[in-house]
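S.K.: Numbered according to this note's numbering, the sequence shown terminates at residue 707, and the numbering increases by one at each position without gaps.
Hints were generated in silico from the structure; no laboratory data involved. A portion of the hints provided could be inaccurate.
What the hints assert, rightly or not - Now the in silico label distances, taken between C-beta atoms and shown as ranges:
(1) Q535 <-> S678: 21 to 29 Å
(2) L593 <-> K693: 19 to 27 Å
(3) S585 <-> R546: 19 to 27 Å
(4) K542 <-> L675: 31 to 39 Å
(5) I539 <-> T670: 14 to 22 Å
(6) K681 <-> L534: 46 to 54 Å
(7) A637 <-> L534: 20 to 28 Å
(8) E706 <-> Q537: 37 to 45 Å
(9) R546 <-> R647: 34 to 42 Å
What the hints assert, rightly or not - Straight-line C-alpha distance at most 25 Å; calculated DSS-like pairs for lysine-lysine:
(10) K693 <-> K682
(11) K542 <-> K693
(12) K577 <-> K664
(13) K650 <-> K693
(14) K577 <-> K682
(15) K682 <-> K650
(16) K674 <-> K684
(17) K629 <-> K543
(18) K703 <-> K657
(19) K639 <-> K705
(20) K705 <-> K598
(21) K664 <-> K638
(22) K693 <-> K598
(23) K682 <-> K543
(24) K657 <-> K684
(25) K681 <-> K542
(26) K657 <-> K702
(27) K629 <-> K664
(28) K577 <-> K542
(29) K543 <-> K674
(30) K693 <-> K638
(31) K657 <-> K577
(32) K650 <-> K629
Backbone N, C-alpha and C fix where the C-beta goes; we use that ideal spot for every residue, glycine too.
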Amino acid sequence: MKKKNDIIYKALNEKEILMKETHHRVKNSFQIVSSLLYLQSQNIENKKAARAVAEAQERVKSMILLHQKLYQNDNLMGISSKGYIENLVSDIFESYKLTEDVKVAYDIEEIMLNIDTMTPIGLIVNELVTNVIKHAFENDQAKKEVFISFFRRNKNIQLSVKDNGVGLKEEDKNTFGMKLIHSLAKKLKADISFVSGKGTEAIVLIKKFKEV
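Use the sequences and the hints to build the structure in full.
M.R.: Dropping the structure here:
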């Protein structure tokens, strides 16, 4: 019996090492892509095109962070929503050099989700936060605030990104980022709504997800 248990333990240990190595290699591959995108953006004279490439780099970074978290995690099948979302948003604001200009508050419930669920969630968060940075605030606005929440709501999970900016303009509804958000939402069978008033709140009600 002990011999059988030792064999099982060894097999599980080898599987864990293999999975860690896989996540590490995937992360490194994404880092190479991210570096190439950065170099490309630095050599584009057209500002609009350079910004588009830089935004693509941010999307890749969200996946780098995901695999980095999995590599560092004891649970190789899932990732904590709280640590991932907070780190991701912080990285986005840092890349735009806005860490001191905008106050960001969080209310993130600790939910362990598998990689197939967290990947589109991370990309949606990236697009929503980037949209806030690009469109929400006037240059002379004194108090700039963003509130991000993620929590269970009945049998679903709700993601909310709220700002106190100028509100969502009609022309901002048809950007590539918005189209990407709606495409990713389909993978999660999610409903998306935008509430505008004193700022904008994007609400994503996620109906398809897998906890681990």
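S.K.: Hint by hint, work out which the structure violates, then give me just those numbers in ascending order.
M.R.: 4, 6, 7, 10, 11, 12, 13, 19, 20, 23, 25, 28 and 32
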